[in-house]
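Could you slot chain B onto chain A? The hints should help.
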Amino acid sequence: MLKLEGDIRIPAGCAIAAVLNRSGQRFDGSTIIASIATMHKRSNGLGGGFAAYGVYPQYRDHYALHIFYDDAGAQQMCERYLMHHFRITEREPVPVRYTRKIARAPLIWRYFALPREDSLSRQQLGEEDFVAAVVMTINSDLGGAYVVSSGRNMAAFKGEGYPEDIGEFFRLEEYQAYLWTAHGRFPTNTPGWWGGAHPFTLLNWSVVHNGEISSYSTNRRYLEMYGYKISLQTDTEVIAYAFDFLMRKEGLSLEDAIDVIAAPFWSKLDRERQARLRRRYASLLLNGPFSIIVATNNGLIAVNDRIKLRPLVAASRNEYLYVASEEAAIRAVAPVLDRTWSPGGGEPVIGLLHNQEGLLEAPSTGLETNARSA
Amino acid sequence: MTLSLLTPAFSVGRNEERCIRCGVCVNQCINQVHHLDEDGFMWVTEKNCVGCHRCAVLCPTQALTITRFPLDFRPNQYWSADSLREIYRQAESGGVLLTGMGNPRPYRSYFDHLLLNASQVTNPSIDPLREPMELTTYLGDHSAGLSEAEKPLLKLEIPVMFSAMSYGAVSLNVQKSLARAAREMVTYWNTGEGGLHDEVKEYADCTIVQVASGRFGVSPDYLNNAAAIEIKIGQGAKPGIGGHLPAEKVSPGVAQTRMIPAWSDAISPAPHHDIYSIEDLAQLIETIKVATDFQKPVAVKVAAVHNISAIASGIVRAGADIVAIDGFRGATGAAPLRIRDNIGIPIEMAIAQVDQRLRDEGIRPKASLVSAGGIRNSADVVKILALGADAVYIGTAALVALGCHLCQTCFTGRCNWGIATTDRQLSKRLNPEIGAMRAINLLKAWEHEIKEMMGGMGINAVDSLRGNRLMLKGIGLEQHELDLLGVSPAGA
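Here the protein sequences line up with chains A and B, keeping their order. The first sequence begins at 681 in the numbering used here and counts up by one. The second sequence begins at 137 in the numbering used here and counts up by one.
Derived by calculation from the structure, the hints in this document are not laboratory data. None of the values given here were measured: they were computed from a predicted structure. Where is the CB? At the ideal position from N, CA and C, for every residue including glycine. Watch out, some of these pointers could steer you wrong.
What the hints assert, rightly or not - Computed Cβ-Cβ distance ranges for the label pairs, DEER-style: (1) B:Lys291 - A:Arg796: 44 to 52 Å; (2) B:Lys564 - A:Gly1025: 47 to 55 Å; (3) B:Arg474 - A:Gly1025: 50 to 58 Å; (4) B:Lys287 - A:Arg796: 36 to 44 Å; (5) B:Asn577 - A:Arg784: 40 to 48 Å; (6) B:Pro625 - A:Gly931: 40 to 48 Å; (7) A:Ser801 - B:Asp619: 37 to 45 Å; (8) A:Gly704 - B:Ala626: 50 to 58 Å; (9) A:Glu935 - B:Lys291: 20 to 28 Å; (10) B:Asp496 - A:Gly704: 42 to 50 Å; (11) A:Gly824 - B:Asp410: 57 to 65 Å; (12) B:Ala626 - A:Arg784: 29 to 37 Å; (13) B:Asp496 - A:Ser703: 44 to 52 Å.
Said to hold, decoys possible - Some chain A residues well away from chain B (every beta-carbon gap over 12 Å; in silico): (14) Glu759; (15) Thr769; (16) Arg784; (17) Arg802; (18) Gly806; (19) Phe849; (20) Glu904; (21) Asn978; (22) Ala1012.
One chain only, chain A, in its complex shape:
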């Protein structure tokens, strides 16, 4: 029998795309579906998905937990666990449209929840660390339950199928978001598992990724040292945790984080700080071919590995920033562009909302204070 993702490490090739409106104007999911659909041949029907930011303004202070369940038993067990740690304001199945193209869908539910004060104080963790710990426990310890996304005012929609079919299944044309990312997957050895599709998320982070990280085991073992439970054995999971660790836990700027994961060659370093970062975080260098799009509520960053072994194109038009594996995927939804460019290896494309200065609102402590007072 084929092993599921998580039991075995499965490399994958892919297509990625993103569209951001920098002034925060929201638009529906049909644009991003049309963009990723252009790259149909870059995926093989074994995984597609989307991340959407700005989709739940009515619950902007709540953690929106999207969860897959294998069956009702798993749901019951997981919900009991959730109740223990969260006050759940709203609980409902994620609306879907059944089509012949999508099969083997799990039970898909969403919860708008706030951490319980008593549970939070018992764990002696900051709010975000607490939510992250709950998510990791569900994913690694509760069989049959898998948290798809856990951020605020954002959601991930993913599953087994071509991305355009997944988009149709999740009725994405009914959602409004100011930032969409998308992924079409070409795994090389998998029975297809809904949890294994991209994006991979943690809190507000989402990652879509094309590539294979040759440094996976080095990166993974480093992150495990800081309490990350790597349950999926996908490169993408490790990338998401790397960003979470560097920016949320270590408080690095986006620029610094990029200098860690796509570190310039020693011979090309031009700032002592880059050398210092490289020495300190050597084990978080992402080595091997990749192009990734990392998003938060504040915007996105897209970057290649440092010798650009995978494709990545960016473009802009007025308030819109586009990123994709191929220019065709951008032209399909925006035939007229102000600028298109192909970023060099390790050279990030950064797109932020106008009122934001970084991917995270503030250092994590400030963020927690805001959340509590809300």
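Leaving out everything else, chain B in the frame of chain A:
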């Protein structure tokens, strides 16, 4: 004295048609195996032959062959020829059997049961001839936050250093050869516990000075005339015992460097007599850091013994910036044979376990891990890095590059290759310029090979090889061995 029951270990064959009676073999053999008499007859005293091949290699007409002395005992799977010979020797001498170099016994080599990965299709391999391939390594405490001052680090352009070999155990020309090679390749050589001779002081920037239980040559000058200081607790070839440089090797030069009288035994006690516990080690580390104004990393070298993980954890918590672990294949200039052949554990297991233990405790960034003992080639380097080491020490491989033929009689001081000797005439046989060139060639060759293997894996910085156990697969190993190494079996 009674009749010796020993037969020679080696047989010396001479092709009379080729021999031109030039006398090279006679002059080259300090053990006086060869003798040319006035009548032009060549005589051999085979029992003196240690199998160092000096004569055979230098013979201009290739007239000499050295083979094992043909003496077959009645087949016995339990009582080997060696075990009989060792008893004959002890019955004659009444002494501890001495030997040199590393453990030669047929214990399992895990290096030979690990296979490396390479990229195919899903991930492009990287060609080191076309793309940058980085081996730059920094050793030391990497745990300081970005807002704090960075701790002192050692920079290596190839993650291979030269093991501690003292002046006395080896000739000064060996140290000169390795020091020059270390400087050229941007790595380090290690003084061993024999102090620092005036003529190698100029290599301070690429020197690691050792502080061992004998404290030979240790002074504030000594500590500061180096890039790093290594406290030697133990050695893979002889864990748990001290050192003994016999009086006949303590030449005036050695005596001066070690600060002891000439032609007297130089004894290193088994333990440091100011370190009877881990907290004492912490004090010595602190003392050395104070003496060097916190400008240099401090390493602690221990032998890989049964509970090495806990020991290494204690060493890191005691403040060491580098932990060097010497496996049971680690070599020596002199060790009791029973100790060398029966004590310690394989370095592959030790590194795998220590690396994981330090991670489990969250203190891995506080210290670098150096693997010593038994690294034979570049593939061994790649494998031990993937298991979790930051760099390796090579000793035997470096000496072989300088000419050593592993005859294992270093302790006699009569090394025909000018390596394990302090005899002035013998030492001259190793020209430090040529020695340096050969050591540099070896490191350059390994550098090329390491880069090729990394590129095949799709990795272009050694940072991403360290601890990357997914790049290893075990072959012919039991499940518990795979578990201990933290690798999965080939095919899985």
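Practice problem: Could you tell me which of the numbered hints above are not met by this structure, giving the numbers in increasing order? | Solution: Checked against the structure, the hints that fail are numbers 5, 20, while the rest are satisfied.
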